[in-house]
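Undergrad: Spelled out from the first residue to the last, the chains are:
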Amino acid sequence: MFLHNYWYVGAYAAEIGEKPLARTILGEPVLLYRTTDGHAIAMEDRCCHRNLPLSMGIREGDAIRCGYHGLKFDSAGQCIEIPGQAQIPPDAKVKTYPAMERWNLIWLWMGDAAKRDESLLPQWQCIDDPALTTTMGNGCEPLPMKCNWELNNDNLLDLTHVVFVHPSTLGGVGLDNNPVTTLRLANSVRMMRWSASVEPTPLLAKLAGFNGTVSDRWQATTCELPSHCTIDVGFAEACKIGRDGDWDKGVRLRALITATPETETTSFMFYAQCRNFALGDQEASQRFIKQIRAVFDQDIAVMEGQQRINSMMPNAPTVEIRCDVPVVAMHRLVMQAAAREHGEPITATRVQPGAPRPPLPVPARAGQPIEIGPVSR
Amino acid sequence: MFLHNYWYVGAYAAEIGEKPLARTILGEPVLLYRTTDGHAIAMEDRCCHRNLPLSMGIREGDAIRCGYHGLKFDSAGQCIEIPGQAQIPPDAKVKTYPAMERWNLIWLWMGDAAKRDESLLPQWQCIDDPALTTTMGNGCEPLPMKCNWELNNDNLLDLTHVVFVHPSTLGGVGLDNNPVTTLRLANSVRMMRWSASVEPTPLLAKLAGFNGTVSDRWQATTCELPSHCTIDVGFAEACKIGRDGDWDKGVRLRALITATPETETTSFMFYAQCRNFALGDQEASQRFIKQIRAVFDQDIAVMEGQQRINSMMPNAPTVEIRCDVPVVAMHRLVMQAAAREHGEPITATRVQPGAPRPPLPVPARAGQPIEIGPVSR
Amino acid sequence: MFLHNYWYVGAYAAEIGEKPLARTILGEPVLLYRTTDGHAIAMEDRCCHRNLPLSMGIREGDAIRCGYHGLKFDSAGQCIEIPGQAQIPPDAKVKTYPAMERWNLIWLWMGDAAKRDESLLPQWQCIDDPALTTTMGNGCEPLPMKCNWELNNDNLLDLTHVVFVHPSTLGGVGLDNNPVTTLRLANSVRMMRWSASVEPTPLLAKLAGFNGTVSDRWQATTCELPSHCTIDVGFAEACKIGRDGDWDKGVRLRALITATPETETTSFMFYAQCRNFALGDQEASQRFIKQIRAVFDQDIAVMEGQQRINSMMPNAPTVEIRCDVPVVAMHRLVMQAAAREHGEPITATRVQPGAPRPPLPVPARAGQPIEIGPVSR
Chain F
36 MFLHNYWYVG
46 AYAAEIGEKP
56 LARTILGEPV
66 LLYRTTDGHA
76 IAMEDRCCHR
86 NLPLSMGIRE
96 GDAIRCGYHG
106 LKFDSAGQCI
116 EIPGQAQIPP
126 DAKVKTYPAM
136 ERWNLIWLWM
146 GDAAKRDESL
156 LPQWQCIDDP
166 ALTTTMGNGC
176 EPLPMKCNWE
186 LNNDNLLDLT
196 HVVFVHPSTL
206 GGVGLDNNPV
216 TTLRLANSVR
226 MMRWSASVEP
236 TPLLAKLAGF
246 NGTVSDRWQA
256 TTCELPSHCT
266 IDVGFAEACK
276 IGRDGDWDKG
286 VRLRALITAT
296 PETETTSFMF
306 YAQCRNFALG
316 DQEASQRFIK
326 QIRAVFDQDI
336 AVMEGQQRIN
346 SMMPNAPTVE
356 IRCDVPVVAM
366 HRLVMQAAAR
376 EHGEPITATR
386 VQPGAPRPPL
396 PVPARAGQPI
406 EIGPVSR
Chain G
36 MFLHNYWYVG
46 AYAAEIGEKP
56 LARTILGEPV
66 LLYRTTDGHA
76 IAMEDRCCHR
86 NLPLSMGIRE
96 GDAIRCGYHG
106 LKFDSAGQCI
116 EIPGQAQIPP
126 DAKVKTYPAM
136 ERWNLIWLWM
146 GDAAKRDESL
156 LPQWQCIDDP
166 ALTTTMGNGC
176 EPLPMKCNWE
186 LNNDNLLDLT
196 HVVFVHPSTL
206 GGVGLDNNPV
216 TTLRLANSVR
226 MMRWSASVEP
236 TPLLAKLAGF
246 NGTVSDRWQA
256 TTCELPSHCT
266 IDVGFAEACK
276 IGRDGDWDKG
286 VRLRALITAT
296 PETETTSFMF
306 YAQCRNFALG
316 DQEASQRFIK
326 QIRAVFDQDI
336 AVMEGQQRIN
346 SMMPNAPTVE
356 IRCDVPVVAM
366 HRLVMQAAAR
376 EHGEPITATR
386 VQPGAPRPPL
396 PVPARAGQPI
406 EIGPVSR
Chain E
36 MFLHNYWYVG
46 AYAAEIGEKP
56 LARTILGEPV
66 LLYRTTDGHA
76 IAMEDRCCHR
86 NLPLSMGIRE
96 GDAIRCGYHG
106 LKFDSAGQCI
116 EIPGQAQIPP
126 DAKVKTYPAM
136 ERWNLIWLWM
146 GDAAKRDESL
156 LPQWQCIDDP
166 ALTTTMGNGC
176 EPLPMKCNWE
186 LNNDNLLDLT
196 HVVFVHPSTL
206 GGVGLDNNPV
216 TTLRLANSVR
226 MMRWSASVEP
236 TPLLAKLAGF
246 NGTVSDRWQA
256 TTCELPSHCT
266 IDVGFAEACK
276 IGRDGDWDKG
286 VRLRALITAT
296 PETETTSFMF
306 YAQCRNFALG
316 DQEASQRFIK
326 QIRAVFDQDI
336 AVMEGQQRIN
346 SMMPNAPTVE
356 IRCDVPVVAM
366 HRLVMQAAAR
376 EHGEPITATR
386 VQPGAPRPPL
396 PVPARAGQPI
406 EIGPVSR
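Chains as they are written, first to last, in our numbering: chain F, 36 to 412; chain G, 36 to 412; chain E, 36 to 412.
Calculated directly from the structure, the hints in this document are not laboratory data. Beta carbons: idealized from backbone N, C-alpha and C, even for Gly. Just to be clear, a hint being listed does not mean it is correct.
Unchecked claim - For lysine to any residue, the following SDA-like pairs were computed, each having C-alpha atoms within a straight-line distance of at most 25 Å: (1) K107/G x A336/F; (2) K54/F x R357/E; (3) K130/G x E299/G; (4) K128/G x P179/F; (5) K54/F x V330/E; (6) K181/G x S346/F; (7) K128/G x N212/F; (8) K241/G x L220/G; (9) K130/F x P349/E; (10) K181/F x A336/F; (11) K130/G x A336/F; (12) K130/G x K54/F; (13) K181/F x E63/G.
Unchecked claim - Here are the in silico distance ranges between beta carbons for each label pair: (14) A57/G x N173/F: 26 to 34 Å; (15) Q326/G x P349/F: 28 to 36 Å; (16) S346/G x N173/F: 36 to 44 Å; (17) Q113/E x S346/G: 22 to 30 Å.
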């Protein structure tokens with residue numbers, strides 16, 4: 036199940052240029068390139084004549100010429116030349132996708148172009164914040180994941196997994212005893228856990244040169260439809276700033292992560308990290324990129340393990356637990372969005388009968404937060 | 036099509052220990068390990084929370100902790116800890132399978148635990164017989180077969196294949212001229228062929244140090260539901276013991292072979308051999324293991340060839356011949372068992388219209404043998 | 036979709052001999068071998084007893100003995116021996132396919148043997164013409180293609196692709212400005228383009244030692260049902276022979292190419308080239324084989340690219356253009372043949388709604404050409 040009327044990351048900005056880049060997104064073949072003046076173009080990677088991928092053709096100025104019979108398409112997808120024929124049939128055109136470069140990423144609107152809505156971009160302005168140092172992904176291309184895209188939302192909205200999946204890098208003993216607050220908005224879900232007097236995150240403490248052993252620590256995830264997650268993690272000297280204070284006074288990292296669906300069971304992970312420490316330190320950035328990659332490889336192993344079982348046993352019963360509140364809230368947002376797009380019923384098969392679920396509140400309106408949590412034992 | 040209310044070999048006893056072993060059995064992910072006091076545990080390899088394979092988790096005493104959010108399950112499959120939550124939902128448990136160690140093998144009951152019935156274990160006591168020397172499989176793990184499990188029953192109930200599939204190892208020219216007797220019992224089929232004055236089995240003769248060129252020779256297969264085959268083969272000096280005499284006075288080998296279904300088109304072959312010659316001879320055992328493996332590799336090549344055709348042409352017509360009597364009798368037992376479990380009709384598609392079939396006798400009762408053969412030309 | 040009541044190339048004549056060759060054709064497992072007196076035999080590669088591929092058995096004279104239980108089949112597919120059984124059931128036989136060796140190729144009739152019709156062989160007599168030098172394929176085996184067989188017809192009936200797919204080898208700038216004539220016959224479609232005063236084909240000019248830069252040039256494709264294409268290409272000094280003259284006075288190459296379906300999405304390409312230059316020149320033949328292979332590898336890359344899209348987006352809309360006239364005419368022939376065989380409607384899904392199509396003339400009768408073209412801008 037895909038949601039179409041949303042923005043997806045199609046590529047890192049650095050990935051596309053003159054040479055066409057072919058990538059399957061939401062099950063559709065997409066061609067990405069830049070015009071000579073630098074604009075990102077996303078086009079159906081399929082000649083409308085005989086279905087050859089246009090990525091097997093050649094650039095001619097800002098147009099693409101098919102590598103089979105030479106039909107030439109401008110960057111709006113309109114056929115502008117058919118060798119051996121003067122007249123162009125009116126339906127000789129290929130689909131294009133609204134594309135936009137922002138925050139070093141190429142964003143694609145995969146649904147109805149008339150419904151394109153920039154206000155649905157996630158709140159990822161921190162990538163451009165000059166007060167922070169940002170690293171983009173692993174420096175080259177997205178990480179392929181052999182799993183459905185929603186498993187990434189699930190993963191990031193329930194950070195109790197950190198203790199079990201990333202004990203050596205992100206640590207977190209004792210975090211799971213602290214209550215989680217869940218906010219449900221019209222297009223996003225936000226969970227937050229504040230843990231007083233716990234050990235700092237090993238990976239961050241080392242990079243930030245923090246030598247203390249006790250800190251206040253926070254983990255917050257905002258997941259914006261369909262799959263854009265902002266993980267805000269950090270720590271500060273104990274009792275220094277407090278849950279509602281200015282987190283930028285501590286060691287703070289925002290990890291921006293999104294899963295772009297390739298097929299129902301494969302996805303691409305794009306990510307960036309914005310930090311307020313080790314500013315401009317290239318060597319720290321390189322170490323950071325390497326360590327974050329190791330963390331994500333652990334997550335991907337878990338999600339691919341889940342996918343194997345989900346594919347093998349699609350109707351296996353599951354139980355919900357308390358830390359699932361943000362996960363289930365996000366499932367509901369996705370299901371409601373799917374219902375709007377496809378007329379799919381809200382009760383997706385994945386929400387198991389008999390599982391404890393949060394009560395569904397009155398329909399949320401944009402900007403109107405509904406406090407569901409805190410949830411604690 | 037799988038039969039569930041039967042015992043299957045899930046592993047060699049030597050395969051399982053502290054570290055969880057993951058294996059797909061009857062299309063279900065299964066986790067196998069031993070408790071600290073040595074009991075075999077077979078558990079659904081799937082956390083009931085988010086479907087991560089539990090084999091990706093860790094042992095804690097006799098319990099398994101999931102590697103995602105840390106749910107902990109005792110060896111009965113009951114969730115006994117949920118990090119961050121005091122209360123355990125009543126349905127937070129995973130399936131376990133009755134498991135039993137016997138004859139150096141781990142036996143799993145894959146169906147309704149309430150119907151567990153030890154009397155359905157095959158008659159494989161010879162593995163523990165101190166008067167015999169036993170070799171278990173190839174010494175480590177089952178042989179993977181890219182074919183349906185029933186093809187193994189077919190293979191072993193019609194030993195006329197020996198002449199054509201194993202000419203250099205098991206030989207058998209002339210055997211096919213001797214009549215086959217078929218016994219049909221409530222849960223098993225037994226075929227027997229006694230061949231007077233033929234050459235001895237090359238492989239056995241060599242290992243047993245028999246120098247004669249003429250012998251009386253027998254081949255008998257008992258196939259017990261669902262897939263447990265006992266092949267009793269051997270030879271004796273001509274006219275020494277006779278068809279109804281004590282076969283242990285000859286050179287005798289019981290080969291115990293079972294196919295455990297992994298999926299509809301893949302299986303695991305587990306096997307053991309019990310011999311009454313070269314007793315305790317380690318070097319002979321090693322040679323024997325190697326040679327038997329070569330024989331089974333020939334069988335597996337045949338069964339995988341059949342599976343390729345069965346998958347490509349599921350409705351191709353086939354003919355039955357006289358040596359199929361035990362094979363067809365076993366098909367019927369399997370179909371009747373399936374009908375009891377699933378309500379499937381007895382006329383499976385594999386039994387082709389127009390093919391000669393043995394008459395279906397009055398329903399067999401346990402322990403009441405029905406002599407169908409002998410069948411000869 | 037396959038057409039059965041037609042001839043297909045099953046193998047190069049040089050491929051088959053005493054040892055059985057297994058090949059899947061039209062989704063059926065086929066066994067190919069020669070009798071001791073040299074006749075080609077094509078037989079179902081499946082024992083009718085237990086579905087073992089007969090290619091895993093052994094030759095005994097002109098018969099094949101199954102490698103499982105030893106059933107022996109003569110070269111007509113009749114079972115002539117069942118070990119251990121005197122009587123042969125009447126349905127103990129396997130399918131054979133009418134097979135014929137002609138033009139260094141083995142031709143199989145894949146449908147109803149009673150409808151076998153030699154007049155449906157393609158007009159490939161040039162392979163045997165002593166006035167020409169012929170090279171058979173790449174010298175050994177067919178080229179595997181991961182695409183549906185009809186894409187090869189499409190490729191060869193629209194040679195405007197030469198400019199875009201083979202610019203360095205076959206060239207052709209300017210050819211696409213010349214009109215195409217399309218002839219539609221009962222069982223074939225023929226397209227022809229005559230281009231006056233253009234550059235000669237680079238590959239042919241070099242091999243033929245032609246140093247001129249201007250020539251008259253022709254490209255003609257005859258595609259005979261189901262998939263047999265004759266490409267007649269060449270050039271002559273400008274104004275020397277003319278469109279309706281004797282093309283053998285120029286540098287002429289007939290490339291015979293057929294795609295034999297393996298499955299719906301994979302095929303085998305068999306081919307031969309007959310040339311009227313560099314006669315008997317072995318070194319030229321070797322260079323030619325190498326260069327033609329490079330050309331076909333380019334074609335196969337295109338067709339496999341199409342297949343990926345066709346599989347991913349089976350209902351994507353396409354447009355027809357003017358150079359598709361012969362392609363669409365051939366589609367219609369195939370669809371009509373399918374309708375005769377299978378009762379399939381003539382409007383195959385591949386012909387897109389809203390696409391410009393040539394008018395369907397009154398039904399063609401054998402031998403009665405219908406001039407559809409010329410088509411020009």
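Undergrad: Now look at each hint and say whether the structure bears it out.
TA: Right, here's what the structure says about each hint:
| no. | hint | verdict |
| --- | --- | --- |
| 1 | K107/G x A336/F | 20 Å, holds |
| 2 | K54/F x R357/E | 30 Å, violated |
| 3 | K130/G x E299/G | 21 Å, holds |
| 4 | K128/G x P179/F | 32 Å, violated |
| 5 | K54/F x V330/E | 24 Å, holds |
| 6 | K181/G x S346/F | 20 Å, holds |
| 7 | K128/G x N212/F | 22 Å, holds |
| 8 | K241/G x L220/G | 35 Å, violated |
| 9 | K130/F x P349/E | 16 Å, holds |
| 10 | K181/F x A336/F | 9 Å, holds |
| 11 | K130/G x A336/F | 24 Å, holds |
| 12 | K130/G x K54/F | 53 Å, violated |
| 13 | K181/F x E63/G | 20 Å, holds |
| 14 | A57/G x N173/F: 26 to 34 Å | 30 Å, holds |
| 15 | Q326/G x P349/F: 28 to 36 Å | 44 Å, violated |
| 16 | S346/G x N173/F: 36 to 44 Å | 41 Å, holds |
| 17 | Q113/E x S346/G: 22 to 30 Å | 27 Å, holds |
In summary, the structure is inconsistent with hints 2, 4, 8, 12 and 15 from the numbered list given earlier, while agreeing with the others.
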